[in-house]
Structures are given as structure tokens and as C-alpha cells.
Amino acid sequence: MQVSVEALRFTRSGRLVLDIPSLRFAEGSTTAVFGPNGSGKTTLLRLIGGLERPASGMVRIGDVPVNGDPASRRQVAFAFQEAVFVRGSVRGNLDLALRLRDLSPAERAWRLTEAARECGIELLLDRPARQLSVGEAQRANLARALSLRAAVTLLDEPLTGIDRLTRLQLLDDLPRMLGTFAATTILVTHDREEAFRLADHLVVLVDGRVHAAGPKAEVYARPPDQATAELLGYTLLTKDGRTLGVPPGAWAIGGEGEPFALAVDRVVDMGNHLHVVGRIGRVRVDVRLRRGDAVPGRGEWVTVNATSHVPVGR
Amino acid sequence: MREALRLLLGGDAELYGVIARTLLISGTATLIAMLLGIPIGYALARGRFPGRTLLLGMVNTGMGMPPVVVGLVVWLLLTRSGPLGHWEMIYTARAMVIAQFVIATPLVVGFTVASIQALPALLPDLLTSLGAGRARMLWILSREARLGLLAAVMAGFGAIISEVGASMTVGGNLRGSTRVLTTAIVTETGRGNLPIALALGCLLLALAFAVNLLLTLVQQRRTG
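Chains as they are written, first to last, in the numbering used here: chain L, 8 to 321; chain P, 9 to 232.
Extracted from the complex, chain P is given alone in its bound form (with noise of 0.2 Å):
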């Protein structure tokens, strides 16, 4: 623990790197998963198009997808001698954004679903009949409905930082590229480095808790 600190306060780069690249990589993940997600979630929680209670079944079952499948088909996919392996990005970063945007997207999707769905009924009505246009209903529903946005957004983000399988497969782990905290745990427990590796749990857990209260602050901030 003693070690810990010292790597923490002593101003260590390399870990200051891993934390850094755990935020920027599980950030853009979140990010992405957002933008495309939550006008997702709302085309679901809103339209009616044949095929939606297929999707909406295949989101649930995205929900509980186990990371280290995303991993394996993300990988197969991006890996040299895969369809999309010109792109040469396995064993990058990049690979990684895109791994656990997959794994996020379809809970951002589902909360945004049941968020969307939990507004009164007539209020899309109001707002149409009001004259409000695509955008401007997005944008108000969006508002009504920021709590359980928000949550959808925490969900999305809690579950990529804590991930380890799908970072693992297609980050490959590598020291000063794509070792992230949670990669960087399994490493030093292999290792037997076991108080370095409760450390760098407990600054997982409290950067996922900084994050979150950030973001609990914004949903709970006077809703009226």
C-alpha cells in the first residue's frame, strides 16, 4: 500500500499514464455511446416500425453481454487476417474504444429506452401539437427525462472502467500503450504484486465513484 502511495503522490508517470488512458479510452467509448445510443434508444422507446420488439429484445440481450465476447468478435474482426484488419488497429487504443463502445452502446440504449418510456404519454403529443419539430422534441424530452439519461450514461461508463476481457483480448495489455487500470490489475497480480494490485483497485474505485458523483450531481442538481 506503502508503494502504492509512494507511485500515487511521488508523481509516478507511468501510472499517472494508466490512469490517463483508462479515463480517455472508457471517456470516448461513453462518448460515442451516447451520441449514438440515446437517438436510438428514443427511435425504440418512440417509433413503431415492424422489427422494433426484435431490437428492443436483441438490446436487453445486449445488457448483459459478457465483455470478453465483444472482445473475441472485435478481435476477430480487426485482427491481422480478419475482414477489417487493414485498418491495423488491433492492439491499439483505438481497438479498445471500439470494443467497449460496443459494450456500452446497448446499455445506454436500454436505459434510454426505459427513460423515455417512463414520461407521460401525452407529453410527445403536447410538444408535437405545440409545433415543436424533430429537434426541439429530442432535445426537451431529453431534458424531462435526464435522470434516467444521465443513469444510462453511468451504466454505459461503470461498466466499460470496470472491464477487463475486452480491453484485454483486443488492447493486448501493452505497457505505455494500452495497459489501462483494470489490465494493469491482472498484470500485477500475475505478478504476485498483490498490495500494488489493491491499490490500483482502489483507485479504480474511486476514480468509477469520482466520476458517477460528478454525474449524480448533474442529475440531481433542483429538478423542480
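Chain L on its own, in the form it takes in the complex (with noise of 0.2 Å):
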């Protein structure tokens, strides 16, 4: 179901922690809520499962007023950013998520399974959900929340604290999972890579308030200011009254491009290739040697080019 967002203002201890006009999830999405920590985005996750309430304005799943009431909720699966369980198996606490749902128990123990596969906790399910390592909690998390398959699943962090390889796996398997489970995903991260390999658009979020938002595509070729540039990895450039972005790589010494005089401080061996590190005025900048490329010295002035850029709105 779509989720939109009017008017909503939300106060902590009498300041504005968020203030956003007007914002709008599309049906089936799968959405990013990108930004910094502290920026609100969890609050903002918080408010559309209708576990705060507004100071002001108001959330909308489908043409239903989010009000906090049970029934309100049920639209809504939520796994926490922190995967959080009751005392006993991982089976007793999937099982007691479809339970609150009030579903019937042959309903109930398909969608456990389904969940469970889809997840890669089937061997886990009997094990004390409070045991498991962070890696498997936060599967488990996940498959509690899908296998609710709710209009609107809202994922707080859903990679954050496991291990790089489990990381990595999920980074593969989410996609996946969620194409199965669910409807409309909207997902909160502080990780570039996460927003994109996880979800189609992106809503970036800086001190509460909304800087992008759009499919990922053209979110990420057109940032609006510099705050959502820097965040998307963007590297910030002045030249002749205009701020350019140069993504990440986006480096060579000769060849085509924006050229830009680079101040070396050193070189650094990678093993295979090798690095210049220095600085075009005061910002760092790391340029890819390619084979053939004469070595510069430390202290000395090299031309480089930034082989792709986007303009950057003030």
C-alpha cells in the first residue's frame, strides 16, 4: 500500500526533530531513508508504525489515517534495529508475532516455514532466540517481521552490528526476501551501499528534514545540495563559480575530463596498482594510477581529470 506522508512535525523535549511538508512511498517500493545518525530517520520509521504520535500533520497508509490504534498497526510490520525477543525459541517467537496477528495456527505454521526458508533460520528455530549470535538474531528479526507479509514492512538498520561475511549475505539475500514477503518496504540506513543495493528510490534525510527524494537514479545524478552530495560520496569541487561532484573513482591522470591541478602527498602501494593521495586545495583526493602512468613525486603539481561529474545545487 502507499504510504504518504502530510504535514508532519514531530518535537522532542519542546525542539524539532523532524519537519517534512509532504512525502510519498509508492505502492510496492522498496524506499531508503538515507542519512546521517541523529538525522531523524528512525523517528520518522517510528511515526509511520504509528509508534509515536506527530506534534503535528500525519501519516497515511493507503487512505487510513495512522492513529496508533491495533488495528492500525497490523498494517505495518516493523523489525527493530535491535533484534529484540521474547524468552524462549525462535519458533515460540515468530510464532507468537502470528499469534498477535490472529491468525490460524495451519496459517500460521506455513508462513513459519516460509519465513524460516527464506531466511536461512530453519535450523535455528528450535534454538533459545536469545542465544543466537547477532548475525542469526538479525535474521531471525527479519523473518518475524516478513513473515507478517504486512501492507507496509519497515526495516530499522537491518545490517547494522553483524559481521561483514553475514553482511554480505544478506546484502545479497534482502532483496530477495523482500521481493517475496513484501508489499511496500521502507528501510532506514546510514550506509550509501546498503540505500542502493537494497532499495529502488531514496529519500535522503539530514537534520530532519527531507534534502532528495526519487528514484535512486535520479536522486544520485542530480543532488540538490551539498550536504546530500557528500552524503551520496560525492566528492566537492569549486571551479569557476560552480560546485561540481565527482563520484567516487572518478579520477585519471591524462585521458578526458574536468582537469583539476593535484597537490601530491604521497603514494601508496595497493599491490596490484598504486594510489596518489594529495589535495586539490583543501580537499583530499584519491587518484588511481594506471599502468603506464608516470609515478609523481611527493611535493610536486599533477594535472588530473575527473572523468565524470554532476552539477551541485548550492
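In case anyone wonders, no lab produced these hints; they're calculated from the structure. Computed from a predicted structure; not experimentally measured. A couple of the hints might just be wrong.
Unchecked claim - Label pairs and their calculated CB-CB ranges:
hint, chain 1, residue 1, chain 2, residue 2, range
1, P, 54, L, 134, 28 to 38 Å
2, P, 39, L, 33, 35 to 45 Å
3, L, 187, P, 55, 37 to 47 Å
4, L, 94, P, 221, 15 to 25 Å
5, P, 154, L, 214, 42 to 52 Å
6, P, 55, L, 29, 52 to 62 Å
7, P, 154, L, 225, 18 to 28 Å
Glycine is no exception: its CB is placed at the ideal position from the N, C-alpha and C atoms.
Please dock the two separately framed chains into a single complex, following the hints provided.
Structure (C-alpha cells):
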């Protein structure tokens, strides 16, 4: 179902922490709410989930306002950043969630089995939930939320705090899992790679305000301001009064592109290639040398080209 | 001691009456304290409302309230010329239930607050987001906190079954109607029947132990 946010404001101890005039999450889309820590991402998710009351404005799921009564919460499945369980087995925890949705025993049994299989926790079902490793707990947490097959699934930092291998695996598995279960998904992350790999739409949130929203390719191609461009990983440089955003790795010595003068600080041997680390003005830039490039010395100036760049608004 | 054993084994009706009365009065008071104290403790642990901190302070003070002071206040309320004198409850078992209930409730509330607050902070949010209503939320949280809640009940019961000041003040230690184990011990000690007083003391301890053992068995049942 479509989720829409209208004139939403949220205050904490008198301070305005979220101010969103209008925002729409299209039915069936997966949107990453992306921003630095403390930007209000989790608060937005909690407002959509009906766990917080806005100071003013409202959230609608479909046409129905989220007002915090149990019926409206059942439209939503929420996976918290910290996987939290009641005492007992993983199976007991998954089943409790389905029981709270008043599903029949047969329905609960097959949903539980299916979610466990999709999330790869079949062998963990009879283990005590509170003794799982962080990665296992996160899978169980996701399985519990996805088994609800809610109209809207909310995931708060689904891959934070888990070890690198499990994280890479979940980065691969999660889009498939979401495809199987979730109609409309909103996930919160401070990690750019997660946002781009898991979502098709992006909402950039900084200090409680939406700086950019739309399909990820559009947001990436036209960052509306410097804060957004920096969050998206662009290196910001000013040339002839314009601000340019250069994506990571889009630097070369020689060839085509927008030229800049780089002051070389050092050359780093990465094993199979060399990196030149230096500064353009006060901005630190890292250029990969291609085979055959002359190796510059420390303190020298070299001309480097930005092989691609986007215009950045103020 | 032989005298006490003889009374106990010989089926002394008066002694059995005292034991039954003790359990009935303290049991009833504990039950009411539970029914009222656990929801209050839950509200204090979870709620955010003005005066909450003040109330918590009062509860914590109440946990250490001298029973004899409670007895005095209840006596002043229930005595014939007191504001609730027309209830005609002074020197009855019901008056003792009231006094013991007042002593036990802060203990139950205090322990409940602590045990609910010791649960994972996100657990209530999780249950809310899953669509649990108020009743199911209370039920599931209580099940999760049952170690602490049973400790709350044990603390309340233990405090009032061993309490003498309030029972004496509002009950009057009337033989056959308001005499309980603790006041019987005081009486026998006063009369110089030290062996019987000591035997009654052992009996009281055994009784408290038996009840707590029962609750402990429930508490420590496989917790997963």
C-alpha cells in the first residue's frame, strides 16, 4: 500500500526533530531513508509504524491515517535495529508475532516455515532466541517481520552490527526476501552501499528535513545540495563559481575530463596498483594510477581529470 | 518444645485455628496487593506522566514503612470514633487484612517497577507494533518478567506474615478471632511460655518457607 506523509512535524523536549511537508512512498517500492546518525530516520520510521505521535500532521497508509490503534498497526511490520525477543525458542517468537495477528494455527505454521526457509534460519528454530549470534538474531528478526506479510514493512538498520560475511550475504539475500514477502518496504540506513543495493528509491534525510527524494538513479544524478552530494559519496569541488560533484574513483591522470591541479602528498602501493593521495585546494583526493602512468613524487603538482561529474546545487 | 509438638501433632484446634487465620489474612492481603500493585507498578514503569517521579519516590519510601506506623494510621481511621468507625471493622480480621495490604502494596509495586524496567527496552514497542492490545501486552510482559513479579509477591507476603506491630494494633490479638502466629508469639513470650513461643516461631518460619518454596518452584520453572 502507498504510504504518504503530510505536513508531519515531530518534537522532542520542545525541539523540532522532524519536519516533512510532504513525502510519498509508492506502493510496491523499496525506499531507503538515508542520512547521518541523528537525522531523524528512526523517528520517521516509528511515526509510520504508529509508535510515536506527531506534534502535527499525519501519516497515511493507503487512505487510512495511522492513529496508533492496534488495527492500524497491523498494516505494518516493524523490524527494529536491535533484534528483541521474548523468552523461548526462535519458533516461539515467530509464532507469537503471528498469533498477535490472530492467524489460524495452519496459517501460522506454513508462514513460519516459509519465512524460516527464505531467511535461512530453519536449523535455528528450536534454539533459544536470546542465545543466537548477532547475525542469526538479525535473520530471525527479519523472518519475524516478513512472515507477517504486512502491507508495509519497516526495517530499521537491518544490517547494522553484524559481521562482514553475514552482512555481505544478507545484502545479497535481502532483496530476494523482500521480493517474496513485502509489498511496500521502507528501510532506514546510514550506509550508502546498503541504501543503493537494497532500495530502488531514496529519501535523503538531514537534520530532520528531506533534502532529496525519488528513484535512486535520479537522486544520484542530480544531488540538489552539497549535504546530499557529500552523503552520496561525491567529492565536492568548486570551479569557475560552480560546484561539481565527482563520484568516487572517477579520477585519472591524463585522458578526457575536467582538469584539476593536484598537490601530491604521497603514493601508496596497493599491491597490484598505485594510488596517488593528494589535495585539490583543501579537498583530499585519491587517484588510482593506470599501468604506464608516470609516478609523481611527493610535493609535485600533477593535472588530474574528473572523468565524470554532476552539477551540485547550493 | 515437646509441648509445642504435642499441640501440633495432637490436633490442638486453637493452634490450627491460628495457623489457618495467619495464612488466610496474609494470603488475602497479598492477593489484593498483587491485584492492585502489579498494574500500578506496570503503569509506573511504562508510563510517562506528571508526578511519576514523585510517586516512585513515595513507593520507595513505602517499601520501608514501619508496620506499626501503618497499624496506627489504620487504627485511627477504623476506630469507633474515627472517620471510618461506622464500618465497625476495628479489631477484626478484615482490619488486619487492610493494614497488611497497606504494608505489602508498596513492596509489590516497587519490585514490579524494577522487574518491568529490567525487560529489554524495545520489547513493549515490539509487542505494540505486532498489534498487541493493552491486555495482551500486560499478559506477555508479566510472563517475561515473572521472575521479578514472583519476587514481588514473595517480598510482600514475607513482610506481612512476619509482621506484628500492625496486626497487634488493628487486630487486638483477640483469642479465637484475630490472634495470628506473630501476635501469639508475643503473647506467649509475655506469659513466660518461652518454649511455646520458640516453637511457634519455628512454625512461622516453616510456614513462610513452605509458601516461598512453592513460589520459588513456579519462578524457577524452566525459563528458556
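Hints, verified against the model:
Separated by about 30 Å at the C-beta atoms, residue 54 (chain P) and residue 134 (chain L) satisfy the suggested range of 28 to 38 Å. Checked against the given bound of 35 to 45 Å, the beta carbons of residue 39 (chain P) and residue 33 (chain L), roughly 56 Å apart, lie outside it. In this structure the supplied range 37 to 47 Å holds for residue 187 (chain L) paired with residue 55 (chain P), their Cβ-Cβ distance being about 40 Å. Between residue 94 (chain L) and residue 221 (chain P) the beta carbon distance is about 23 Å. The supplied range of 15 to 25 Å therefore holds.
Take residue 154 (chain P) and residue 214 (chain L): their Cβ atoms lie about 44 Å apart, and the range 42 to 52 Å holds. The given range of 52 to 62 Å is broken by residue 55 (chain P) and residue 29 (chain L), whose C-beta atoms sit roughly 34 Å from each other. Here the CB-CB span from residue 154 (chain P) to residue 225 (chain L) is close to 53 Å, at odds with the stated 18 to 28 Å.
Checked against the numbered hints above, the structure violates hints 2, 6, 7; every other hint is satisfied.
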